[in-house]
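Sequence lines, in order, name chains A and B. Start counting the first sequence at 846; every next residue gets the next number (our numbering). Start counting the second sequence at 846; every next residue gets the next number (our numbering).
None of these hints come from the bench; they were simulated from the model. Among the hints, a few may not be true.
Because identical chains cannot be distinguished in the list, a pair is counted as satisfied if it fits within a single copy or across any two copies.
What the hints assert, rightly or not - The list that follows gives simulated cross-link-like pairs (lysine-lysine, BS3-like), each with its CA atoms no further than 30 Å apart: (1) 1197 / 1004; (2) 1177 / 1016; (3) 1004 / 864; (4) 1004 / 1177; (5) 878 / 1177; (6) 1004 / 1017; (7) 1197 / 922; (8) 855 / 867; (9) 1197 / 1017; (10) 878 / 1004; (11) 1017 / 1177; (12) 1016 / 867; (13) 855 / 878; (14) 1017 / 1161; (15) 864 / 1016; (16) 1140 / 1197; (17) 1016 / 855; (18) 864 / 1197; (19) 1140 / 1016; (20) 1016 / 878.
So you can see what is in the structure, the chains are spelled out below.
Protein chains: 2
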Amino acid sequence: MKSSLIEQRKQGRVLIFSKLRKSGQLARIDIAKETGLSPATVTTITAEMMADGLIEEVDRPTPNGEVRRGRPRVELKLRPSSCVVAGIKLSEGVISSMIVDLEGNTLGSLVRPFDAASFEAEELAVTLNALLQDLAETAEQKVEDLAGVGIGVPGIVNKEEGFVHWSPLLKKRNVSLLTTLTDHLPIPVFVDNDTNLVALAELWFGYGRTLDDFIVVTIEHGVGMGIVIDGQVYRGAQGRGAEFGHTKIIPDGALCRCGQRGCLEAYIADYALLREASIVLPDLPGASVEQRLDKLYEIATDGNHDAQSIFARAGKLFSLGLANLINIFDPKLIILSGEQMRLDYLSSPEFKEEVQRNIIHVDAPVPEIVVHRWGDLMWAKGAAAFALNECMNASL
Amino acid sequence: MKSSLIEQRKQGRVLIFSKLRKSGQLARIDIAKETGLSPATVTTITAEMMADGLIEEVDRPTPNGEVRRGRPRVELKLRPSSCVVAGIKLSEGVISSMIVDLEGNTLGSLVRPFDAASFEAEELAVTLNALLQDLAETAEQKVEDLAGVGIGVPGIVNKEEGFVHWSPLLKKRNVSLLTTLTDHLPIPVFVDNDTNLVALAELWFGYGRTLDDFIVVTIEHGVGMGIVIDGQVYRGAQGRGAEFGHTKIIPDGALCRCGQRGCLEAYIADYALLREASIVLPDLPGASVEQRLDKLYEIATDGNHDAQSIFARAGKLFSLGLANLINIFDPKLIILSGEQMRLDYLSSPEFKEEVQRNIIHVDAPVPEIVVHRWGDLMWAKGAAAFALNECMNASL
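Put together the whole structure using the sequences plus the hints.
Given below as structure tokens:
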């Protein structure tokens, strides 16, 4: 039973680690209570984790005005510097990146234009290598001291193999991106689909921090989804699950970037809104997609009926898609995650009513839908959370 | 760490039990190999399980013509009679029921008309009590000797509480069916949504027996889905997940029995096909839904274009719904489970092509879609598998 005992010790470390990650800091006795481990086991395992430098002791905060008597009670927390990683998010036009510690503190960040529409894997590796050096400097770190780097790529990605079936950023299909990047970068590399990483950002540092089951939906250039079940990102049998943007919402409907018809994305993504606008508002000003979209939203808010009708339809179809997800998953929480104005029209009371109209009605609470407005670096932070997740899985 | 050791012993029993359930019979040394437990642990735990009467020794089958030398090698298997349960499936018009042992052998069965369109919970309890007595007689068992009875109910059911939010069979909404049945029946009762139980039938006795992850879809009066993730039926945060028939496939589309519009079920369930037929073939002969549907399928097969168009649309929309599931879950296997002719037009090469046209394209195998034609008692066997599952979870 030796292997089982090692397995059991590891389970104890994982339990204690995730309890501290969720709670911030806790006394040993509370760790025992909340994990179900015996106080003796908690003492043994936390001593070991402290010797490994993963956790540290801190004084329990004293309530205001209370006179402290005797020895201060000691609590445990994660040691932020025990795992410092980089996260990189690749998008069309821009690479964003950051360095975070185990507590999610941002130690440095770098956003850089990314001009080539599509790359060979080797060119990408050279670009990322240079970026990593500059990024590390912003955080006064050496690249070699980082525990790893997580990389979020749009498209269909198998995380286990770091294999990119397809991405709008790569010239070729079926690229072993992990292999190429591992050859060129001096630290461990992890590659995954970008939206899965937003789910990890919510799990580690966001609204999902205290939860084990929730769904994250992102809407920007495309529509993404991440599913967390039992504290793990659900990736499907072949690692390409949780594809929401290309589920069909209207049979033989609008043409999608993917070449199929009627995908949800073909009605609510950036390009879908501007395609509609091109019919009724062909002179919409703006040099970029973002500028034209901002303008479209502005004139809708000012009362332009054509513009309003474009957002209204997008909102309605998105609400149907969300209702379908709720029917299938029955989640406690859905997080709409992003940074743009889309979130305004997708979180109105009318929108939530429309979702409710389309889910199975029972006399029980409907899932909460919350909007999480992150800054520009949400995706990079997700990539960093991914690197933390992988590094800690290996070292616990 | 005492509680952990008990937990660990239980895990070992669960591991060995499910290995034997999947494999039929195995030598101790092969159990050790395939579970990762040490041979010593396997010896200890199997001795304990044998003393509890859960498993038994059998001779290893000798290959044809081989001369057996020395002591026959001994293998272990589940002891069928160690857990005998009843399964009952409630439908509109009929109750089907059966008694099975731990190996899934049918010891007796009973199908009985069920006339009342909707019941009070107490009336149902009286009906089921009488049925159980008669069912036990067919199997030469005493009701009191059964380990439990699993009951499958159409509608929205919370299994943990045995609470029926809504069912077409019950007069009231929000019924604590488990409480009422437990008061009236002499053995442990378990209540769940019927389609979840078909997933358990596949897991225990069907095509999912050797798998941990798959999806089951049923099409009869309605459309049902069961999701198995990591060997467990996925039930959602509030126990009402895996609702597929009422996901929307056409915004503001056909009216559904549930009162909403555009549900998948409103295009492919029995009543949906006959609603279409009533427009173009108002004189379709037949005294029952089944008879008229059989007739409709017959004339479609004989070349009637109107009838063909009805099945063609249903097949097309079903393929879209299935493609959406594949995009979301990326399963290895989808089982279309049922007993009727619907399965013929839903498993044609054209149908599978249409599914493939609507899933995200990557150069990797698409999930297998298999058709499993069960007899009339599929649902009852699922209810029995559910009872086995619950009883064994408690006694391992």
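We went through each hint and held it up to the structure:
1. 1197 / 1004: between (33 Å within a copy, 28 Å between copies)
2. 1177 / 1016: between (40 Å within a copy, 29 Å between copies)
3. 1004 / 864: Intra 26 Å, inter 29 Å, cutoff 30 Å: intra and inter.
4. 1004 / 1177: The answer is both: 26 Å in one copy and 17 Å across copies each meet 30 Å.
5. 878 / 1177: within (25 Å within a copy, 39 Å between copies)
6. 1004 / 1017: within (18 Å within a copy, 48 Å between copies)
7. 1197 / 922: neither (39 Å within a copy, 53 Å between copies)
8. 855 / 867: Answer is both; intra-copy 18 Å and inter-copy 28 Å each pass.
9. 1197 / 1017: between (41 Å within a copy, 28 Å between copies)
10. 878 / 1004: between (35 Å within a copy, 28 Å between copies)
11. 1017 / 1177: The answer is between: 26 Å across copies meets 30 Å, while 39 Å in one copy does not.
12. 1016 / 867: neither (40 Å within a copy, 45 Å between copies)
13. 855 / 878: both (19 Å within a copy, 22 Å between copies)
14. 1017 / 1161: neither (36 Å within a copy, 32 Å between copies)
15. 864 / 1016: Close neither inside one copy (43 Å) nor across copies (46 Å); limit 30 Å.
16. 1140 / 1197: within (25 Å within a copy, 44 Å between copies)
17. 1016 / 855: Neither. Shortest intra-copy (42 Å) and inter-copy (52 Å) distances fail the 30 Å Cα cut-off.
18. 864 / 1197: neither (33 Å within a copy, 46 Å between copies)
19. 1140 / 1016: neither (32 Å within a copy, 54 Å between copies)
20. 1016 / 878: neither (53 Å within a copy, 45 Å between copies)
In this structure, the hints that do not hold are numbers 7, 12, 14, 15, 17, 18, 19, 20, in rising order.
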